[in-house]
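2 protein chains.
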Amino acid sequence: MYYLGVDLGGTNIAIGIVDKDGKILNKASVSTPSNGEYTDVVTAMIDLSKELISDNGLELSDFEAVGIGCPGSIDYQKGSVAYSNNLHFNDAPITAEFQKHWNIPVIIENDANAAAYGEYIVNGNNADVFVAITLGTGVGGGVIIDGKIFRGANGAGAELGHSVLVHNGLPCTCGRKGCWEAYAAATALVKQTKVAIEKHPESLMSQYAKERGKVNGRTAFDAAKKGDAAANEVVKKYIEYVADGIVNMVNIFQPNKVVIGGGISNEGEYLLAPIREYVKKYDYNKLFTPVEIDAATLLNDAGIIGAALAAKNFK
Amino acid sequence: MYYLGVDLGGTNIAIGIVDKDGKILNKASVSTPSNGEYTDVVTAMIDLSKELISDNGLELSDFEAVGIGCPGSIDYQKGSVAYSNNLHFNDAPITAEFQKHWNIPVIIENDANAAAYGEYIVNGNNADVFVAITLGTGVGGGVIIDGKIFRGANGAGAELGHSVLVHNGLPCTCGRKGCWEAYAAATALVKQTKVAIEKHPESLMSQYAKERGKVNGRTAFDAAKKGDAAANEVVKKYIEYVADGIVNMVNIFQPNKVVIGGGISNEGEYLLAPIREYVKKYDYNKLFTPVEIDAATLLNDAGIIGAALAAKNFK
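Sequences listed follow chains A and B, in order. Be aware that the first sequence starts at 1, since it is given in my numbering, and climbs by one per residue. Be aware that the second sequence starts at 1, since it is given in my numbering, and climbs by one per residue.
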């Protein structure tokens, strides 16, 4: 039996055929219809699903459930997207619409939760408490407790990036001031890098920015690794923001494991080693088993795999 | 059937006879032996328990379980206190020692967790997710998820007060800088009040401090209620610290209900109304049922009741 995992984003719909162990057999993607009509989005999903399934010599009856991971606020009672900025959805009954075309168990899950669940199953060693952090446009969070996706009482929980780390600090997109996200997201690192480039036009970081025609999440890391002092300051401070927020989550959740995903996690040990050191120093728990901190492993497939496995386990 | 609830503190041992609904039939207390010998502490507990039980015309056999709430780090596997600063305990096997004297199911629980559980049962309306915050010497936290006390993977979780709210802010007893506790504890309010009194010797707040011979958690609130501008500034800023941290917990947990305990919670609506307003404004969730925020109701009995009810439900 197989499971279909759908990573429904504002730009693309990516769909994968996933086995019971979270392995992707094959995947395909298509542009997301951008007119905000959920019926069109579901039609595109159905068409791509059927094509992918038949291209792989399978039948609809080989599938036990479908999981759809989706950005925005999910109404889990109704199986609908209550609101999604990226998809221009307002109260979109995705699962019911999907089932009009294909009568199969369908679950819908917030994309950050789905990705966290994928990491948990594949990379979580049966943790009692597991936290996934994604450093991307924002700081996404997902928490798995006793094998279940933790969503709070109303489905909107685990917004870990929207906890204030710097009281009265930088404005966040959510309306608060000083959210962790405003300091630790990849986009925040880009801003921090740009400020430092202004101040240090002589730096290697500045040279990289010119050569590459842009500043991204790698600019400061790349220059720091070559010994650029200004870049090193940026990276050190950025890692401190990331790590200070992770200690918060550790003191709150005391998870067995935290995984860090998003493009920045490609920095590997250069990012992880100082985070581990910081967390070890400031973790409130000094007596019991300490948290393990690792890079996420599923990368761009986390959404597909997590949605499929959530469908398998919670359909 | 009855349950015995023990609130084991550094100064006093308070014990109550509790019924299945969390009502205290009667209670008594005694000084905690201060020599750091857990055997002496357990003997004192046993003596007081037997006295209380016989004074109320009951027998040991009328009791189904005993719950002990205790400050410090609990080893739930062993039923021991791994470390408690207040009690001078290191690896103290309290439950086993207790059962040498009285062969009955005994559970041990961190005191903040026990108090939160008591509030949850009595005041939590069967919340799926319930958070209790105590504004005292520190900022204590307790989280109940699906009827279970959330302790993290290793038992040391839910240290909500030790999440940084002010990055690189005031030093906290835990070794971090800028913990919520360093700004929102009752002791933090006292410090904030003292600083304001220095700056505003003409204020009513300053006069109250002189008349009463001390500054405490009520000084600024009392003066603010009489229209003292300097006191009002202190109270406003203090409430902002409390509320900003509560929004963090709301965005993370999206609980059905948050209760606020500790002496400060006696300020009632004067404290709660601005917190509710702040949380409503900054809660990430605008679509689904919002969190309810209330004062704790069990006050000093929360520990006894929570420990007894935890014994009843988790023995």
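Calculated directly from the structure, the hints in this document are not laboratory data. Ideal Cβ positions, reconstructed from N, Cα and C, are used throughout, including at glycine. Keep in mind that a hint or two might mislead.
Stated by the list, open to error - Listed next, the stretches of chain A that the computed footprint assigns to chain B, with coverage defined by at least 3 CB atoms under 8 angstroms from CB atoms of chain B:
no.	segment
1	42-56
2	124-131
3	208-217
4	254-262
5	282-289
key: Within 8 angstroms of chain B (C-beta), three or more residues of the segment 282-289 of chain A   = holds (count 6)
query = How about the segment 42-56 of chain A: do at least three of its residues have a C-beta closer than 8 angstroms to a C-beta of chain B?
reply = violated (count 0)
request  = Count residues of the segment 254-262 of chain A with a Cβ under 8 angstroms from any Cβ of chain B, then say if the count reaches three.
outcome  = holds (count 3)
inquiry  = Can you tell me if the segment 124-131 of chain A counts as covered by chain B, using C-beta to C-beta distances under 8 angstroms and a minimum of three residues?
reply    = holds (count 3)
Verdict on chain B covering the segment 208-217 of chain A, criterion of 3 CB contacts below 8 angstroms = violated (count 0)
Violated hints, in rising order: 1 and 3; the structure is consistent with all others.
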